[in-house]
Every structure is written in C-alpha cells, then in structure tokens.
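Chains as they are written, first to last, in the working numbering: chain U, 60 to 291; chain G, 238 to 543.
Be aware that one or more of the hints could be misleading.
[As the list claims (entries may be wrong)] One-sided and incomplete, this derived list gives chain G residues near chain U with beta-carbon spacing under 8 Å:
| hint | residue |
| --- | --- |
| 1 | ARG338 |
| 2 | MET372 |
| 3 | GLN478 |
[Said to hold, decoys possible] Simulated restraints on C-beta separations:
| hint | chain 1 | residue 1 | chain 2 | residue 2 | range |
| --- | --- | --- | --- | --- | --- |
| 4 | U | LYS279 | G | ALA277 | 49 to 59 Å |
| 5 | G | GLY268 | U | VAL79 | 55 to 65 Å |
| 6 | G | GLU504 | U | HIS124 | 30 to 40 Å |
Quick caveat, the hints were computed from the structure, so don't treat them as lab data. Please read these numbers as outputs of a predicted model, since none were measured by experiment. All residues carry an ideal CB built from backbone N, CA and C; glycine is no exception.
Here is how the chains run, residue by residue.
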Amino acid sequence: MKWQDLASALFAAGHGITQVGDLLVGEPEFDGRTIAVVGSADHAPIGVAMALRQARVLLDTVARHPGRPILMLIDTQGQQLRRRDELLGINRAMAHLGCCVDLARRSGHRVLGLVYDQALSGGFITSGLAADACDALPEAEIRVMRIPAMARVTKIDRERLEALSQSNPVFAPGVDNYVAMGGVRRLWRGDLQACLREALADAPTGDHRALEGAQRGGRKLAQSVIERVLRA
Amino acid sequence: MNPPRSLPAAARSSYAECSARERIARLFDAGSFEEWLPPAQRVMSPHLAQLGVPCAFDDGVAIGRARLDGRSVFVAAQEGAFMGGGVGEVHGAKLTGLLRRAVVERPDAVVLLAESGGVRLHEANAGLIAVSEVMRAVLDARAAGIAVIALIGGANGCFGGMGIVARCCSAVVMSDIGRLAMSGPEVIEASHGAEEFDAQDRALVWRTTGGKHRYLMGDADALVEDDVSAFRGAAIEWMTQARPALDLATLEAEHALLDARLNEAPEGADAYALWHRMGVPHPHRLGDMDVAQVRELRTSLEGAGT
Chain U
60 MKWQDLASAL FAAGHGITQV GDLLVGEPEF DGRTIAVVGS ADHAPIGVAM ALRQARVLLD
120 TVARHPGRPI LMLIDTQGQQ LRRRDELLGI NRAMAHLGCC VDLARRSGHR VLGLVYDQAL
180 SGGFITSGLA ADACDALPEA EIRVMRIPAM ARVTKIDRER LEALSQSNPV FAPGVDNYVA
240 MGGVRRLWRG DLQACLREAL ADAPTGDHRA LEGAQRGGRK LAQSVIERVL RA
Chain G
238 MNPPRSLPAA ARSSYAECSA RERIARLFDA GSFEEWLPPA QRVMSPHLAQ LGVPCAFDDG
298 VAIGRARLDG RSVFVAAQEG AFMGGGVGEV HGAKLTGLLR RAVVERPDAV VLLAESGGVR
358 LHEANAGLIA VSEVMRAVLD ARAAGIAVIA LIGGANGCFG GMGIVARCCS AVVMSDIGRL
418 AMSGPEVIEA SHGAEEFDAQ DRALVWRTTG GKHRYLMGDA DALVEDDVSA FRGAAIEWMT
478 QARPALDLAT LEAEHALLDA RLNEAPEGAD AYALWHRMGV PHPHRLGDMD VAQVRELRTS
538 LEGAGT
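Full structure from sequences and hints, please.
Dropping the structure here:
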C-alpha cells in the first residue's frame with residue numbers, strides 16, 4: 060500500500076504527514092490525541108543520514124511531548140550498501156536509532172512499528188524490531204534474503220529450500236512467517252483505524268517475541284533455550 | 238587510557254588466532270569459567286540439520302560465568318570458525334538468555350567476545366529476529382546498570398546485526414586487526430561493483446572498517462594489540478569505566494556527535510581525506526603506526542579539538 064493511502068485510511072483528511080526526501084514525518088490526530096509518525100517511503104535505504112533524521116524525530120518527541128504514542132511506518136530496502144556509510148560508521152548510526160526507539164519505550168511512549176510495504180534485514184532491526192510491537196499489512200514483504208539468493212550464498216539447492224520453506228517459516232520471506240515466529244505481532248486486516256486503536260491499546264512493554272514464536276509454532280526453540288539459560 | 242605498551246612478539250598470544258573457548262580460558266581468571274548449556278548438552282540448530290549442514294554442539298557460541306580480576310562477570314564468546322559466528326535461532330537465544338540472566342543476578346559486567354558476520358543466512362528470518370532480541374536484551378541490561386563490554390578482534394570481524402549490537406554496548410574494545418562495520422565489503426561490492434568497494438583491497442577494507450579507524454573515530458573506546466592479555470587488561474579497565482545507561486542527555490550528545498561527523502565529512506568515501514579533515518597530520522602513515530602511536534594520536538586530536 061502507498062503511504063498516502065494508508066495515512067488517509069488511518070487519519071482524517073489534513074493529517075499533515077509529509078514525505079521529505081525518503082523520510083516520513085507527521086503529527087496526526089487519532090481518537091482525540093496526537094500521534095508522532097516517523098518512517099520511510101519508496102523502499103528507502105537506511106544510511107547514516109536517514110538513521111539520524113529518524114532519530115531526531117524520536118528525540119524531539121521524547122523531549123517535547125512526553126507520553127505521545129509513536130508510529131513507525133516502515134518501507135525500506137535495508138541498510139545503505141555504500142562504502143561512505145561504512146566509513147562514517149553506519150552501524151553506530153543505526154545503533155543510535157535503535158537506542159532512541161528504546162529510550163522512547165522506557166520513557167513511557169508506546170512505540171508501534173507498522174510494515175506497510177517492505178522491511179529488509181538491517182533496516183528492520185533498529186525500527187520495527189526495536190519497537191514495543193511491530194505489526195504489518197498482509198501484502199507487505201519482510202525478508203533477509205529471497206530464496207534464489209539464499210541458495211547461492213548457502214550453496215543449498217533452491218528446490219530443497221523451497222520445499223523446506225513449506226513447513227519451516229525460518230527459510231522463506233513473508234509476513235506470515237514473521238507472525239509465526241513472533242517477530243511480527245499481527246497483521247492489520249479490514250478496518251485499519253480499528254487495527255491502530257487495538258495496537259495502541261495492547262502494545263506490550265516487555266519482549267515476548269520468543270514466547271509468541273513458540274506458542275505459534277514458528278520458532279520452537281528460542282524461548283526454551285532462553286529459559287534453560289536462566290535456570291542453568 | 239593505558240600507558241602505551243608494546244609487548245615483544247614472543248610474549249604475545251594472538252587473540253585473532255585463538256578459538257572462542259581458548260579466548261575465554263586465557264582472558265578470564267584461570268579455571269573460573271562455568272559454562273551454561275555446554276556442548277555436552279548438544280543444544281543445536283534444528284534448521285541446519287534440516288538443510289543437511291554440519292551443526293555445532295554449542296551452535297557457535299559459548300556462554301556462562303567467570304571471574305575477571307576477581308570480579309564476577311557473565312561471558313559470551315562467538316566462534317568465528319563456525320558459520321562465521323552467524324546468529325541463528327539457538328545462538329541468539331543463548332545470548333539473549335545470558336543477558337536476561339544478568340539483569341536478575343547482577344554480575345559486575347557482561348563481556349561479549351563478538352565475532353560474527355551477523356545474521357546466519359541459513360536460518361535468516363529467525364536470525365534477524367534473534368539479533369533484535371539480543372539488542373533489546375543488551376539495552377535492558379544497561380538500563381539495569383549492568384555494563385556490557387564488547388571485545389572485537391577475531392578474524393571474521395563484527396558485522397551486520399552484531400555490528401549494531403556492539404554499538405549498543407557500554408564500551409567497545411578493538412584490536413588493530415579487528416573490524417567493525419555493518420555490511421561486509423563483499424556484500425557492497427556485489428551490490429554496487431568493485432568501483433564502490435573493492436573487497437580484495439585489504440588496505441582499503443582496513444582503513445574503512447578496521448580497529449585503528451574505528452578507534453580514531455571514537456567508535457571503539459579502546460585500541461589494543463592483537464593479544465589476549467591486552468584484551469584482558471582493557472576489559473578490566475572498561476568494566477568500571479563504561480558509559481552510563483542511556484538517557485535523553487547522552488543520546489542528544491551522541492546525536493550531536495554523529496550529526497557533526499556527517500556534516501563535516503568530506504565528499505566521497507576516502508578514509509585519508511576524512512582523517513585529514515579530522516586533523517591527522519600524515520594520514521597515509523596511519524597504516525604503519527603501531528597501537529601505541531595511534532593512541533597518542535587520538536589523545537592529541539582530542540586535545541586539539543577541545
């Protein structure tokens with residue numbers, strides 16, 4: 060879905076969300092309260108500059124609007140694959156963005172991620188995957204790598220990977236697989252305003268993704284391994 | 238900082254050449270390591286087995302508690318020889334479990350011997366979520382007042398999601414041959430060609446991602462020789478000096494630093510030009526400088542900047 064259509068479905072006309080370059084930012088009203096929106100559009104790569112621009116919005120929200128809910132609208136092709144970004148410490152800039160999300164959570168802001176188009180690898184770790192909860196639209200795509208590329212890198216037959224991916228969500232891209240593994244809490248279907256209302260109301264504050272992955276059968280070992288370490 | 242010290246080569250024990258378990262054995266107080274979920278318990282990746290790929294009995298990471306200079310610490314060491322230290326479901330859950338236990342039992346520090354290419358591509362989706370859980374657990378530990386120290390000096394470097402995790406830690410210690418970055422040079426070359434990043438050019442790779450560069454930029458808090466005892470010394474030092482937990486003021490300061498870095502950087506991706514802009518007198522000589530000289534250089538740059 061285009062972010063403009065999503066914004067129109069979620070918020071009243073005149074929501075004020077704007078695209079500045081690849082950055083999405085806005086302060087729409089929802090159910091009588093203001094929500095801070097920050098995100099990216101057009102499959103933006105997350106480089107040093109984009110990470111800092113998003114971090115700026117988060118820091119300003121924490122400083123000026125205590126408790127205001129934050130909605131991260133995610134559409135990214137992943138981290139910026141450029142030598143300049145590496146030279147300037149892209150991993151530090153992305154860690155900073157993740158730390159800003161974390162600060163907002165700990166300061167009492169509910170932080171929601173919503174993958175409305177695509178979310179890939181590094182660009183997802185410090186946005187949706189750092190939020191209190193990350194949801195997705197059913198037509199969104201989430202992946203580290205497509206199966207042909209995975210076959211090339213791992214030197215495992217593509218046919219074998221495709222066959223295994225039918226029963227094991229670990230191997231293939233897809234929002235349903237991420238829901239099964241607990242990485243995405245749920246998909247937004249139907250009335251999007253109702254979905255947002257519900258998401259804001261029941262966002263968890265702790266990290267229960269491994270537990271949900273086990274309950275949903277998509278990530279069978281993570282929670283039990285964590286518990287074994289706690290008891291060892 | 239430590240006084241400049243160069244050990245004679247014969248007295249050194251190369252950190253890079255050690256396995257994860259050798260590093261643990263030599264870095265922490267002798268005989269103090271108690272491992273949790275050791276190889277004998279065979280907590281392994283179910284996904285690698287499905288793919289017919291050889292598994293490791295510890296899924297490539299050793300965790301447990303040890304003593305460091307008499308203090309109680311929790312330890313994790315990633316094994317670069319197994320899948321490049323890649324984070325899969327079990328590997329990541331061991332790290333997350335260790336960090337969550339640290340919040341409960343409050344050791345003096347958690348020491349993370351990081352060596353990883355990031356997400357293990359064989360179990361990509363689970364690895365991606367796992368890395369984000371590790372990141373959250375690191376920040377939970379810091380918020381609880383537990384220092385998390387990342388040591389980076391393995392041959393596989395510290396990349397991808399683990400490169401982000403390292404920068405979420407309280408302190409980063411690197412050797413001059415350590416590498417810390419996001420995407421590996423091969424990935425960037427595959428995406429944008431050898432003109433963008435020639436992964437075969439070792440000198441270029443090191444001046445873009447290596448320990449000396451990271452230390453000069455402040456991305457690493459300490460720079461040490463490729464020597465296990467040097468890492469031990471730095472870990473002891475940073476266990477008590479590490480940055481405080483994150484609050485608005487510290488993140489505003491970090492933001493200002495990164496903003497200035499981006500705004501003041503010269504065009505392009507040339508490390509020499511960047512170092513020149515930072516005030517390094519002879520950028521082309523940095524590769525030949527030893528660790529003690531690079532430490533002195535950073536001290537002089539910090540003096541000039543204030």
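Taking the hints in turn, this is what the structure says about them:
no. : hint                            : in the structure
1   : ARG338                          : 5 Å, holds
2   : MET372                          : 6 Å, holds
3   : GLN478                          : 19 Å, violated
4   : U/LYS279 x G/ALA277: 49 to 59 Å : 22 Å, violated
5   : G/GLY268 x U/VAL79: 55 to 65 Å  : 58 Å, holds
6   : G/GLU504 x U/HIS124: 30 to 40 Å : 36 Å, holds
Violated hints, listed in ascending order, are 3 and 4; each of the other numbered hints is respected by the structure.
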